[in-house]
Amino acid sequence: MFATHRVKLTALLFAANAGLILHLLVGEIKPVMAWDWLDIAGEGGSALLLLLWTCLLLKSRPAGRVTNLLFLGLACLFFSLFMDSVDEFIALPDAITWDGWLESGPMPISFVLLTMGIFHWHREQLAINEQMRNRERVFREHRHFDKLTPLGDANYLRTQLQLALGEAADEQQPLSVIMLDIDGFSRVNHGYGHAEGDRLLQVLTQLMLLNLRQHDLLCRLAGDRFVIILPHTGERQAQVLATELSEAVRSLAYKSSRHGERMSLSATVVALMAREEDSEALLQRLNITMVRTKRSLTIHCGRQTG
Amino acid sequence: MNNWLECDTRFIPAHYQPASLIDLALGRGVNVHRLMQGTGLFHDDILAGNLLISPLQFLQLIANLEQHMQADDTSFLLGEQWLPGHYGAASHALRHAANLHEALERLVCLQPLLWPLLRVRLRVDEYHVWLDWGDSFGAGKQNVFLIEAGMAAVTGMSQWLSGQRLPWTFHLAHTQPRYIEQYWVHLGDDLRFNSPLNQMCLPRSYLPQPWSSASTTAGQVAEREGQAMLAALPASQSLLDALHDHLVAQVRQPLRLESVAEAFDMSPATLKRKLQKHGTRFQKQLDHARSSVALELYLSRGYSSEEVADYLNFNDRANFRRSLRRWTGLLPGELKDWLRGT
Chain A
1 MFATHRVKLT
11 ALLFAANAGL
21 ILHLLVGEIK
31 PVMAWDWLDI
41 AGEGGSALLL
51 LLWTCLLLKS
61 RPAGRVTNLL
71 FLGLACLFFS
81 LFMDSVDEFI
91 ALPDAITWDG
101 WLESGPMPIS
111 FVLLTMGIFH
121 WHREQLAINE
131 QMRNRERVFR
141 EHRHFDKLTP
151 LGDANYLRTQ
161 LQLALGEAAD
171 EQQPLSVIML
181 DIDGFSRVNH
191 GYGHAEGDRL
201 LQVLTQLMLL
211 NLRQHDLLCR
221 LAGDRFVIIL
231 PHTGERQAQV
241 LATELSEAVR
251 SLAYKSSRHG
261 ERMSLSATVV
271 ALMAREEDSE
281 ALLQRLNITM
291 VRTKRSLTIH
301 CGRQTG
Chain B
1 MNNWLECDTR
11 FIPAHYQPAS
21 LIDLALGRGV
31 NVHRLMQGTG
41 LFHDDILAGN
51 LLISPLQFLQ
61 LIANLEQHMQ
71 ADDTSFLLGE
81 QWLPGHYGAA
91 SHALRHAANL
101 HEALERLVCL
111 QPLLWPLLRV
121 RLRVDEYHVW
131 LDWGDSFGAG
141 KQNVFLIEAG
151 MAAVTGMSQW
161 LSGQRLPWTF
171 HLAHTQPRYI
181 EQYWVHLGDD
191 LRFNSPLNQM
201 CLPRSYLPQP
211 WSSASTTAGQ
221 VAEREGQAML
231 AALPASQSLL
241 DALHDHLVAQ
251 VRQPLRLESV
261 AEAFDMSPAT
271 LKRKLQKHGT
281 RFQKQLDHAR
291 SSVALELYLS
301 RGYSSEEVAD
311 YLNFNDRANF
321 RRSLRRWTGL
331 LPGELKDWLR
341 GT
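Residue numbers (this note's numbering), protein chains in the order written: chain A, 1 to 306; chain B, 1 to 342.
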């Protein structure tokens with residue numbers, strides 16, 4: 001990400017350097033005795049931290065309007081604090097007044113720019129939240145993002161399930177959960193390679209997201225097993241959703257990336273309504289239901305469910 | 001034979017098991033330099049295809065992978081790729097096994113090629129087949145990772161080649177981890193944590209069921225080629241495995257560091273130093289050998305505690321209780337409860 005912002009960072013460092021040279025040209029370096037260490041640590045330290053913020057911002061954000069505003073705001077703030085700390089080392093003749101402008105001038109500009117940047121950042125975040133629908137509820141924890149699919153992982157699922165159970169108990173509303181497991185997924189990994197398996201999981205994630213309602217939450221439990229939290233949903237409605245998901249997987253015409261042949265897919269989907277239990281017990285019960293369903297499907301229908 | 005594989009013996013081809021580890025890490029966006037940190041290896045050398053690495057280097061790679069991937073399924077994913085794997089004749093021998101029994105026997109026989117870091121022992125009793133996982137080179141902190149990978153590998157391989165999910169039971173020596181869902185999905189739901197040993201168990205009837213995709217002749221030829229590859233290694237067995245076998249064979253004799261060192265043709269100080277290098281001590285190895293003998297007697301022969309104590313030459317019951325507790329973490333009564341669950 002840094003490469004695209006190289007010009008911005010160079011310009012900032014060039015400006016800071018120019019300010020320093022300007023001071024050196026007209027002023028004299030103060031004797032060490034006259035240095036005010038508290039001011040140096042306060043102003044210099046703040047300037048360094050601001051430079052760090054600027055770098056982190058540039059490293060993590062794609063280029064664009066919001067990034068430019070935030071960068072310019074931080075850059076002005078850095079510049080003014082930097083000039084302030086240069087002042088501690090170099091004494092300027094009294095006749096010179098432009099140093100005050102260099103120190104204080106950029107400050108209000110930076111606050112205006114930062115305010116605009118944060119406002120647009122807020123708008124951007126709302127737009128991203130809309131894109132995260134069905135994948136995130138109430139709070140975000142980036143350490144709980146799944147590494148493969150754009151979903152929350154098992155840890156995120158656990159905290160969300162605990163929250164949803166609490167809400168359901170408070171509001172006296174039913175809460176249901178669905179578990180979905182792809183049948184014979186290991187054959188995809190063995191037959192087509194793990195890269196193909198990963199791609200299939202990503203496609204299936206998108207497929208499931210398309211089949212959910214506004215407030216449902218999809219998480220990846222592990223491997224090819226997914227869990228969906230359905231607030232305000234009774235068992236019967238959950239069963240309907242489960243059947244729909246299973247049909248959606250069956251009618252997906254997924255093509256392998258190498259030869260483009262269609263893979264026939266099916267999934268075992270089970271739905272349960274939460275009782276008075278904690279998230280761990282509910283997950284355990286859900287998993288046992290899944291194992292039993294798979295076993296009986298294998299025995300009675302000869303279906304390859306592995 | 002006076003030669004053993006040790007933790008610093010370079011015998012693992014870097015383009016075998018380590019290569020799939022590197023591919024997985026790179027595929028998930030781990031920086032290649034960070035992955036290689038502290039191993040003394042370079043990616044270009046591995047790509048050359050003739051580099052041999054030591055168990056210590058391999059373990060360091062795994063430690064780096066764990067640190068930089070930060071995902072709970074890494075060990076399971078890697079394990080599923082490691083067997084049958086792409087290790088020439090040894091992998092072909094597995095791929096073309098006629099049934100599970102033959103596959104497991106070949107896995108045990110060609111283990112230094114197929115699964116270099118852990119020892120696999122196979123035991124078939126009246127009702128069950130037991131697969132026991134031992135530590136060949138002192139895996140230390142990476143032990144849980146390797147056990148997870150090993151069990152996922154055998155589960156995955158037996159499922160793929162037999163075309164069905166086999167009802168394995170898993171005995172795990174560690175406590176139940178936070179990411180239990182990975183065990184559910186990659187291994188199964190029959191899991192027993194805090195067990196005395198790391199074992200997998202399956203009803204015996206699954207052993208002879210024929211596998212359809214096998215080519216028997218190709219499998220036999222590959223097995224012979226695999227044995228030739230095995231003979232080309234600096235040694236056929238790791239020091240810790242050889243020691244374990246010796247201790248198990250002599251378990252009814254009084255065993256001391258001095259006499260065992262003599263049997264291994266080295267001074268007691270040398271044996272002690274070598275064990276230290278592998279992060280273990282003589283007493284720990286002796287305890288482990290005794291616990292695996294005791295467990296076998298309990299599990300497969302249905303011995304009572306008295307009979308086990310007698311077999312291991314314990315005259316004193318209290319002493320036996322204390323020792324059993326040290327080996328397995330369980331008292332005879334607790335062990336009996338645990339066994340009843342199997």
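Think of the hints as simulated: they come from the structure by calculation, not from any bench. Even glycine gets a Cβ: it sits at the ideal position worked out from N, Cα and C. One should not assume that every hint holds.
[What the hints assert, rightly or not] Distance windows between CB atoms, simulated:
#1 B/Pro254 / A/Thr289: 48 to 58 Å
#2 B/Lys272 / A/Ile40: 28 to 38 Å
#3 A/Ser264 / B/Phe42: 26 to 36 Å
#4 A/Arg292 / B/Asn99: 24 to 34 Å
#5 B/Pro210 / A/Thr289: 25 to 35 Å
#6 B/Asp23 / A/Leu163: 45 to 55 Å
#7 A/Ser264 / B/Ala263: 52 to 62 Å
#8 A/Ser257 / B/Asp190: 29 to 39 Å
#9 A/Thr289 / B/Glu126: 26 to 36 Å
#10 A/Ser257 / B/Lys272: 22 to 32 Å
#11 B/His43 / A/Leu48: 48 to 58 Å
#12 B/Asp190 / A/Leu163: 41 to 51 Å
[Stated by the list, open to error] Pulled a few chain A residues facing chain B out of the computed Cβ check, cut under 10 Å:
#13 Leu52
#14 Leu72
#15 Thr159
[To be verified] Derived lysine to any residue pairs resembling SDA-like cross-links, with alpha carbons at most 20 Å apart:
#16 A/Lys147 / B/Ala63
#17 A/Lys147 / B/Leu166
#18 A/Lys294 / B/Arg123
#19 A/Lys147 / B/Leu286
#20 B/Lys141 / B/Ser162
#21 A/Lys147 / B/Leu202
#22 A/Lys294 / B/Leu202
#23 B/Lys284 / B/Ile180
#24 A/Lys147 / B/His174
#25 A/Lys30 / A/Phe14
#26 A/Lys147 / B/Asp23
#27 A/Lys294 / B/Leu166
#28 A/Lys147 / B/Tyr179
#29 A/Lys59 / B/Val30
#30 A/Lys147 / A/Val112
#31 B/Lys336 / B/Asp125
#32 A/Lys294 / B/Arg301
#33 A/Lys255 / A/Lys294
#34 A/Lys147 / B/Trp211
#35 B/Lys336 / B/Ser195
#36 B/Lys284 / B/Leu331
#37 A/Lys147 / B/Ala71
#38 B/Lys272 / B/Lys284
Results of checking the hints against the structure:
The hint said 48 to 58 Å for the Cβ distance between B/Pro254 and A/Thr289, and at roughly 54 Å that hint holds. Distance hint for B/Lys272 and A/Ile40: a CB-CB separation of about 58 Å, inconsistent with the stated range 28 to 38 Å. At roughly 44 Å, the beta carbons of A/Ser264 and B/Phe42 sit outside the given window of 26 to 36 Å. Judged by the Cβ atoms, the range 24 to 34 Å given for A/Arg292 and B/Asn99 holds: they are separated by roughly 28 Å.
Between B/Pro210 and A/Thr289 the Cβ separation comes to about 33 Å, which falls inside the hinted range of 25 to 35 Å. Checking the proposed 45 to 55 Å range against B/Asp23 and A/Leu163 shows it is violated: the Cβ atoms sit about 38 Å from each other. For the pair A/Ser264 and B/Ala263, the beta carbons lie near 60 Å from each other, so the given range of 52 to 62 Å is met. Separation of A/Ser257 from B/Asp190 is about 35 Å and conforms to the stated range, judged on CB atoms against 29 to 39 Å.
Range check, A/Thr289 to B/Glu126: Cβ separation about 34 Å, and the 26 to 36 Å hint holds. A hinted range of 22 to 32 Å is violated for the C-beta pair A/Ser257 and B/Lys272, which are about 56 Å apart. Here the CB-CB span from B/His43 to A/Leu48 is close to 35 Å, at odds with the stated 48 to 58 Å. Hint check: B/Asp190 to A/Leu163, Cβ distance near 31 Å, so the stated range 41 to 51 Å is violated.
The criterion of a C-beta within 10 Å of any C-beta in chain B is not met by A/Leu52, whose closest approach is roughly 21 Å, and the hint is violated. Annotation: A/Leu72 was flagged as interfacial toward chain B, and the flag is violated, the nearest CB pair being 31 Å apart, outside 10 Å. Restraint check, A/Thr159 versus chain B: the minimum CB separation of about 12 Å is more than 10 Å; hint violated. Of the pairs offered as hints, the one joining A/Lys147 and B/Ala63 holds, with about 19 Å between alpha carbons and a cut-off of 20 Å not exceeded.
Distance check on the hinted pair: A/Lys147 and B/Leu166 sit about 29 Å apart at the alpha-carbon level, beyond 20 Å; violated. For the hint pairing A/Lys294 with B/Arg123, the CA-to-CA distance comes to about 30 Å; that exceeds 20 Å, so the pair is violated. The straight-line distance between the Cα atoms of A/Lys147 and B/Leu286 is roughly 42 Å, outside the 20 Å bound, and the hint therefore fails. This hinted pair does not check out: B/Lys141 and B/Ser162 have alpha carbons roughly 33 Å apart, beyond 20 Å.
At roughly 33 Å between alpha-carbon atoms, A/Lys147 and B/Leu202 are farther apart than 20 Å, so this suggested pair is violated. Distance check on the hinted pair: A/Lys294 and B/Leu202 sit about 19 Å apart at the alpha-carbon level, within 20 Å; holds. A distance of roughly 29 Å separates the Cα atoms of B/Lys284 and B/Ile180; the hinted pair therefore is violated under the 20 Å criterion. For the given pair, A/Lys147 sits about 25 Å from B/His174 by alpha-carbon distance, which is inconsistent with the 20 Å threshold.
Among the hinted pairs, A/Lys30 with A/Phe14 is inconsistent with the structure: their alpha-carbon atoms are about 24 Å apart, more than 20 Å. Taking the CA atoms of A/Lys147 and B/Asp23, the gap is about 16 Å. The hint holds against a cut of 20 Å. Straight-line distance between C-alpha atoms of A/Lys294 and B/Leu166 comes to about 13 Å, which keeps the hinted pair within the 20 Å bound. For the hint pairing A/Lys147 with B/Tyr179, the CA-to-CA distance comes to about 15 Å; that is within 20 Å, so the pair holds.
A distance of roughly 17 Å separates the Cα atoms of A/Lys59 and B/Val30; the hinted pair therefore holds under the 20 Å criterion. With a C-alpha separation of about 38 Å, the suggested pair A/Lys147 and A/Val112 falls outside the 20 Å cut-off, and the hint is violated. Note on B/Lys336 and B/Asp125: the hinted pairing holds, with a Cα-Cα distance of about 19 Å set against a maximum of 20 Å. Among the hinted pairs, A/Lys294 with B/Arg301 is inconsistent with the structure: their alpha-carbon atoms are about 34 Å apart, more than 20 Å.
Between A/Lys255 and A/Lys294, the direct Cα distance comes to roughly 25 Å. Violation of the 20 Å bound is thereby established for this hinted pair. For a cut-off of 20 Å, the pair hint linking A/Lys147 to B/Trp211 is broken: about 35 Å separates their Cα positions. Distance check on the hinted pair: B/Lys336 and B/Ser195 sit about 12 Å apart at the alpha-carbon level, within 20 Å; holds. Taken as a hint, the B/Lys284 and B/Leu331 pair is honoured in the structure, with Cα atoms around 18 Å apart against an allowance of 20 Å.
With a C-alpha separation of about 7 Å, the suggested pair A/Lys147 and B/Ala71 falls inside the 20 Å cut-off, and the hint holds. This hinted pair checks out: B/Lys272 and B/Lys284 have alpha carbons roughly 12 Å apart, not beyond 20 Å.
In summary, the structure is inconsistent with hints 2, 3, 6, 10, 11, 12, 13, 14, 15, 17, 18, 19, 20, 21, 23, 24, 25, 30, 32, 33, 34 from the numbered list given earlier, while agreeing with the others.
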